[in-house]
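*Asks:* Read off the chains here:
Number of protein chains: 6
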Amino acid sequence: MTKSYKEDVAAVDKRVGALFKAAPKTMTPYSQLVKAASADGALDSKVKELMALSISVAIRCDDCIVFHLRAALNHGASREEVIETISVAIEMGGGPSVVYGGRAFAALEELS
Amino acid sequence: MTKSYKEDVAAVDKRVGALFKAAPKTMTPYSQLVKAASADGALDSKVKELMALSISVAIRCDDCIVFHLRAALNHGASREEVIETISVAIEMGGGPSVVYGGRAFAALEELS
Amino acid sequence: MTKSYKEDVAAVDKRVGALFKAAPKTMTPYSQLVKAASADGALDSKVKELMALSISVAIRCDDCIVFHLRAALNHGASREEVIETISVAIEMGGGPSVVYGGRAFAALEELS
Amino acid sequence: MTKSYKEDVAAVDKRVGALFKAAPKTMTPYSQLVKAASADGALDSKVKELMALSISVAIRCDDCIVFHLRAALNHGASREEVIETISVAIEMGGGPSVVYGGRAFAALEELS
Amino acid sequence: MTKSYKEDVAAVDKRVGALFKAAPKTMTPYSQLVKAASADGALDSKVKELMALSISVAIRCDDCIVFHLRAALNHGASREEVIETISVAIEMGGGPSVVYGGRAFAALEELS
Amino acid sequence: MTKSYKEDVAAVDKRVGALFKAAPKTMTPYSQLVKAASADGALDSKVKELMALSISVAIRCDDCIVFHLRAALNHGASREEVIETISVAIEMGGGPSVVYGGRAFAALEELS
Numbered sequence: 001m002t003k004s005y006k007e008d009v010a011a012v013d014k015r016v017g018a019l020f021k022a023a024p025k026t027m028t029p030y031s032q033l034v035k036a037a038s039a040d041g042a043l044d045s046k047v048k049e050l051m052a053l054s055i056s057v058a059i060r061c062d063d064c065i066v067f068h069l070r071a072a073l074n075h076g077a078s079r080e081e082v083i084e085t086i087s088v089a090i091e092m093g094g095g096p097s098v099v100y101g102g103r104a105f106a107a108l109e110e111l112s
Numbered sequence: 001m002t003k004s005y006k007e008d009v010a011a012v013d014k015r016v017g018a019l020f021k022a023a024p025k026t027m028t029p030y031s032q033l034v035k036a037a038s039a040d041g042a043l044d045s046k047v048k049e050l051m052a053l054s055i056s057v058a059i060r061c062d063d064c065i066v067f068h069l070r071a072a073l074n075h076g077a078s079r080e081e082v083i084e085t086i087s088v089a090i091e092m093g094g095g096p097s098v099v100y101g102g103r104a105f106a107a108l109e110e111l112s
Numbered sequence: 001m002t003k004s005y006k007e008d009v010a011a012v013d014k015r016v017g018a019l020f021k022a023a024p025k026t027m028t029p030y031s032q033l034v035k036a037a038s039a040d041g042a043l044d045s046k047v048k049e050l051m052a053l054s055i056s057v058a059i060r061c062d063d064c065i066v067f068h069l070r071a072a073l074n075h076g077a078s079r080e081e082v083i084e085t086i087s088v089a090i091e092m093g094g095g096p097s098v099v100y101g102g103r104a105f106a107a108l109e110e111l112s
Numbered sequence: 001m002t003k004s005y006k007e008d009v010a011a012v013d014k015r016v017g018a019l020f021k022a023a024p025k026t027m028t029p030y031s032q033l034v035k036a037a038s039a040d041g042a043l044d045s046k047v048k049e050l051m052a053l054s055i056s057v058a059i060r061c062d063d064c065i066v067f068h069l070r071a072a073l074n075h076g077a078s079r080e081e082v083i084e085t086i087s088v089a090i091e092m093g094g095g096p097s098v099v100y101g102g103r104a105f106a107a108l109e110e111l112s
Numbered sequence: 001m002t003k004s005y006k007e008d009v010a011a012v013d014k015r016v017g018a019l020f021k022a023a024p025k026t027m028t029p030y031s032q033l034v035k036a037a038s039a040d041g042a043l044d045s046k047v048k049e050l051m052a053l054s055i056s057v058a059i060r061c062d063d064c065i066v067f068h069l070r071a072a073l074n075h076g077a078s079r080e081e082v083i084e085t086i087s088v089a090i091e092m093g094g095g096p097s098v099v100y101g102g103r104a105f106a107a108l109e110e111l112s
Numbered sequence: 001m002t003k004s005y006k007e008d009v010a011a012v013d014k015r016v017g018a019l020f021k022a023a024p025k026t027m028t029p030y031s032q033l034v035k036a037a038s039a040d041g042a043l044d045s046k047v048k049e050l051m052a053l054s055i056s057v058a059i060r061c062d063d064c065i066v067f068h069l070r071a072a073l074n075h076g077a078s079r080e081e082v083i084e085t086i087s088v089a090i091e092m093g094g095g096p097s098v099v100y101g102g103r104a105f106a107a108l109e110e111l112s
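Residue numbers (my numbering), protein chains in the order written: chain A, 1 to 112; chain B, 1 to 112; chain C, 1 to 112; chain D, 1 to 112; chain E, 1 to 112; chain F, 1 to 112.
Since the list gives no way to pick out one identical chain from another, each pair is judged satisfied if it fits inside one copy or across any two copies.
Straight-line alpha carbon distances no greater than 30 Å define the calculated DSBU-like cross-link-like pairs of lysine-lysine that follow: (1) 35 to 6; (2) 25 to 46; (3) 14 to 35.
I should point out that these hints are in silico values taken from the structure, not numbers from a laboratory.
Please work from the sequences and hints to get the whole structure.
*Replies:* Structure representation (C-alpha cells):
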C-alpha cells in the first residue's frame, strides 16, 4: 500500500483487468457472481459493499479494502457508516483488524 | 457442528460464559467492545450482526456462525437478508464460503 | 467431522444443494466458475482437484477436504498423488496442515 | 470436537501417526523442525508450547488446540498461564478467538 | 513494508491513532483489552508480546509484526528470544511464516 | 510489493537467507521438508510448485507468490498453466484471490 489510495485502487483495477483478459472463462462467471451478490435486494448494495469491506479488513486484504471502500462510497456510504463497519471488523478480528482498519480509515480520509 | 444448531449455540454460550468467569479482566473490556461495535448507530444492530455473520462465514468459524446468526435473527433479520449475507461471503470467500454458507443456511432453517 | 467421511461428504452435498435452491442467482454463476476453473485444459482436472485439495488442507476447511478429495479420486488421482498433495500443503501450512492433512489421509483411507 | 478432549487428542495422534507412516520423507524433517523449534533455549519449552497454543486459538485450529494444550501442560504450564495465553489470542483474534478460546478453556478444565 | 521498519511502525502508530480518534467508543475498550491481555501476570509482558509476535508472523500481518516486535524489544526481549519466536511461528505456519519471519528478522536487525 | 517482481523475489531471497543463518536449527529441517515435498514423485515438481502457487494466492501471501511462481517457471510451467492455477485459487478464494491472482499474473508477465 502506497501513500495514495487512489493509485492503489487504480493499480488493482489494472491488474484485475489484465487477469480478466487472460482468464475470461473463469472471470466472466466470477463477475456475474459479484453482480448477483452485490445487487440491491433485501439488503441494498451500499450495505453489501460495507459487508465486503468488513470482510476485507477482517481478513487483512489491502487490495480488497480499497476496492470495496470505493464501491461503498460510490453507493453513498457515509463516513460514519464506514467507521462503524471498521468497528465490527475489530470486534471480529482484534488487533490485526485495528491495524488494517487504520489503513481503511486512512483510505477513507483520502478517497472521500 | 452437530445436527442441532440450538445445541451448538447453547454450547458456545456455556464455553464463553466459563471463559468469562476465568478471564474477567480481558473479557470485560471485550464485552464492552462488542456492545459498542454492535450498537445501533449510523448502521443498525441488525445490519451489524449480519456483517459479523458474513465475516464468520468468510473465515470459516462454526461457533461464530451460530452465534451471530442467532443475534441477527433476534434483531429482526429476515430469511432473505441472511441468504444475501451468505452470498456476499461467497463473493469474498469462494468455495469454502459455499460450504460454510451451507452450514449457516442449515442453521437458519432450524433456528428460524 | 464424523468417523465416516462418506457421511460427511453427503452432508456437504445436502447443505450446498439446499443453499443452491435458496440462492440461485449467486450459486448459478458460482457453479459456472467452478466448471471453468476445474475443466481439463493446460492442466487436467485431476491436477486441479488435487490443487483444490491442497488449498483445502492449507486453509483448514474440513468440508472442502472431503469434497475435493472425492473429486480428485473421481478423476483418477492415486493414493500416492493425494499423499504428495498433502505434503505440499504441509510445506505451505506447517503444523495445522499436518493435523488437517491427517484428516485428509484418514478420509482417503476410507473413501478409496 | 467431541465432549471429551482426551478422545480428541488421541484421535489427532492416531491420524498424524498414520500420515507419518504414509509420508515419511516429509514428516521426518517436519518432526525435526518441531523438535528444534520447541526445544528449551532462550525461551523454555513451556513458553514455546503456550505460544503454539496462542497461534492455534488465533487461527481457529481445534486439533492444534488440544495438541499444544496437552504439550504445554506436560511441560508444566499452570492453569493461569493457559488462561493468559488465551487472553493474548483474544487480543490478536477478537470474537473468533473468544469462541475458540472457550474451547481451549473447556479442554483445559478436562485435561488438567 | 518499506525498507525502514521504524518508518513502518511510525505509520502504524499514526493510522491507529487517527482511527482511535474517529472510533473512540470501540477503541477505548479495545485498548483496555490490550492492557489487560498484555499485563504482567503468570506470564510476563515480554513473553506476551513475543506471543503476539508469533501470532503476527503466523497470520502474515506486516503491521502487527513491527508493532509487537517493538513492544517485545521494549520489554527487554533478546535477539535470540525473537529468533526462537519466529521459529515457533514457522513450526505453526510453514513457508508463509518463513517469508514473514524473514520480514520480522529484518525488522529486528534494524530496530535493535 | 513494488513494481518489479524480480526485485521482490530477490528481497525475499535475501531476507530468508539471513533468517536461515540466524536460525539454522529450525531452517535446516524446514529446507529438507521443502526438498522432500517438492521433489519429483507421483506428481512432478512443476505441478507441486503450481500447487504451492495456488495456495499462495488463496492465502494472500505476496512473498510466497513471487517465490513459487519463479520456482514453477524454472520447472517449465507455461503461461497457460499459471493462469489456470490462478483460476483454481479464485474458485477456492473468491474476490481476494482475484486481486492476489492479479498480482500473480502481473508478476508472470514480468518474470516470463
